[in-house]
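> Listed here are the chains, written in short residue letters.
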Amino acid sequence: MIEFKNVSKYYPGDCAAIKDVTFSIRPKEFVSIVGRSGAGKTTLLRLLLKEEPPSEGEILVDGRNVKNIKSKELPLYRRKIGTIFQDFKLLPNKTAYENIAFAMEAAGRAEEDISEDVPQILSLVELVDKADNFPCQLSGGEKQRVAIGRALIHKPDILMADEPSGNLDPLHTWDIIRLLCRINELGTTVILATHDREIINALSKRVISLDRGRVIRDEENGRYIV
Amino acid sequence: MFTSFKRIIKWGLTNFWRNGWLSTATVSIMTLTLLVITVLLMLNVVANVVLANLQNKIDISVYFKLETHEEEILQVKSQLERLEEVKDVSYVSQNEALIRFKEKHQDNPVLLQSLEELEFNPLEASLNIKARQANQYASINQFLESVYYKDLIDKVNYMQNKDIIEKLNKIVVDVKTGGLGLSALLALIVFLVTFNSIRLAIYSSREEINVMKLVGASKWFIRGPFFVEGVLYGLVATIVTILILYPLFYFLSPKISGFLPIGDVFSYFKVNLLSFFLLLLGIGVILGGFSTMIAVRKYLKE
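Quick note, the sequences are listed as chains A and B, same order.
For reference, each letter of the first sequence is one residue, going 1 to 226 in the UniProt record's numbering.
For reference, each letter of the second sequence is one residue, going 1 to 302 in the UniProt record's numbering.
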C-alpha cells in the first residue's frame, strides 16, 4: 500500500514541482501516472524512492513514513522498489548478465542464488542470447529489458517505470508494456509514468492525471485527457 | 561479509581492466609522480653527500709556541675533546710537521737546503680540530682564545679561514633549506595533479555511482571497487616506476659518479631497492586510495 498525503515539493525560487498531491495505490494494482513533460511525474517517483524529501506532507509505504527511513536502511528499502527509467541507467562497463547480477551481489545474495536467478530473469525478458553483451551492443528495447530484469531481481513489491518507452520505437514500446502487464499479473504493483496517449488508452487501467504538479483526475479504466 | 569483500575485489580488478584507457592514463600520471618523488629523494641524498664532503674539508688549526711542552699540548687536546662541538682533534708534533713539510716541498731543493741550515726545527706543533657542524667553529675559537691558553698558543688560523667557513656555512644551510622547500613544493604539485586526474576518472563514473545507489547497493559496496582501482593504480605505477628507474640508474650511474664526489648511484639504488619499492608503494597506494575515496564521497552524498 502506497499513500501520498498532501505532498508538495518546492525547488529553490518557489517553483512547485508537485502541489498538495493525495492518492493511494493498493497492492498489485497497475497505475499509470500521466501528464505533460514537467507535470511532476518524475518528481513523484523520486520522492517515493527517497531520492529527495518532500517539502510538505507525508508518503507512507506499507504504513511506514518514507521520511523516517534512515540512510543506512535506504539500500534495503530501495530493493523493495524496482525502478526503470527512460534512459535505462545500466552500468556501461558491465554485461547484461552482470548488470542484473550486480543488483543481487549488492544485496549480498549467495553465488548459487545468483547463478540460478539471473538466467531465469534473462529468459523472462527474453535476453538469454544477449547475456554477455555490453549495453553499447544492445538496442534500446533490449537495454530496457535488461533494466526491467534488474528491477525484478529482488522480487520487489513495487515496480516503478518512468517513461520506459520514451526512447523506444512503437514496436519495442509494446514489448515493454506487455512485459509490464505480465509482471503485474504475477503480483507486483506497477506504477507507470508516461505521456504516451496511445499506451494509456489501450491499457484501460487506473490513470492518475497530473497538471502543473496537481492531480486533476484519478479514474479506474481511465483515458489520457489533458 | 567475506562474499562482499570478494565481490568488491573482483569488480575493482574488472573495472581496472575494462576501463583500459582511463587506467593507463591515470597510471601514467601516477608513475610520473613517483618518478619525480624518487628523483627528488635521490637529489637530496646526493646533495647531503656533497655537503658532508665539503664540511669534512673544513677544519681549524691551532699552532703552539715553540717552547710549549708536548704534555701541555696533549692536555689542551684532551680538554678540546671534551667539548660537545668538537668531532675530532688530531695532534701534529713538531717532528711530524717537519716530515710533512719535507714531503710537500721535496721538489724545491732551495727551500729544503735552507731548512737544513737552520740548527733547530722552526715548525710549530699543532692541533687540527674538526667541528660537528660548520657553524660551531666560532665558539671553538672563542674557547681557545680564553686567558688560560693565551701563553701557549701562537696563532689560530680561524681568523684567516673565517670568511670561507662562514660562506660555506651559508651555502650548506641554503642548499638544505632551499632543497627541502623546493622538494616539498614539487611533491605537492605532483600530488595535486595525481589527485585531480583520479578525480576526473571518478567524475566519468558519477552516473554509474548514481545507478548503483538506485539499485540498492550500500555505500561500501559502491566505494569498494573504486578504492581497489585506486590502490591498483598505485601498485601498477610503483612497478612501472621501478622498471623505468632500474635501467635508468644502471646507464646514468657511471656518468653521475664522474663529476660528483659520491659512490655508485646504481649500487645505492640496488641496495635500497626494497626500501624504495615499499616507499613508492606506500605513497602510490595511499595517494590512489585516498584520492578515490574523496572523489567518490562527493557523488555518494545524497
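Rather than coming from a laboratory, the hints here were simulated on the basis of the structure.
Incorrect hints may have been included.
[Stated by the list, open to error] Only pairs whose alpha carbons sit at most 35 Å apart, straight line, appear in this in silico DSBU-like list of lysine-lysine:
hint	chain 1	residue 1	chain 2	residue 2
1	B	K301	A	K130
2	B	K219	A	K5
3	B	K167	A	K130
4	A	K28	B	K219
5	B	K270	A	K155
6	B	K301	A	K70
7	B	K167	B	K150
8	A	K67	A	K130
None of these values were measured; they are calculated from a predicted model.
> For a C-alpha distance cap of 35 Å, please report whether A:K67 and A:K130 respect it.
violated, 40 Å
> Taken at face value, is the distance from the CA of A:K130 to the CA of B:K301 at most 35 Å?
It holds: about 34 Å lies between the C-alpha atoms, which stays within 35 Å.
> Is B:K270 within 35 Å of A:K155, Cα to Cα?
The hint is violated at about 60 Å.
> When you check the alpha-carbon spacing of B:K167 and B:K150, does it fall within 35 Å?
holds, 28 Å
> Can the restraint linking B:K219 and A:K5 be considered satisfied, given a maximum Cα separation of 35 Å?
Judged against 35 Å, a Cα distance of about 30 Å means the pair holds.
> Going straight from one Cα to the other, do A:K28 and B:K219 come out at no more than 35 Å?
holds, 31 Å
> Is the Cα-Cα distance between B:K301 and A:K70 35 Å or less?
holds, 14 Å
> Would you mind confirming whether the straight-line C-alpha gap from B:K167 to A:K130 stays at or under 35 Å?
violated, 77 Å
Comparing the model with each earlier hint shows violations of hints 3, 5, 8; every other hint is respected.
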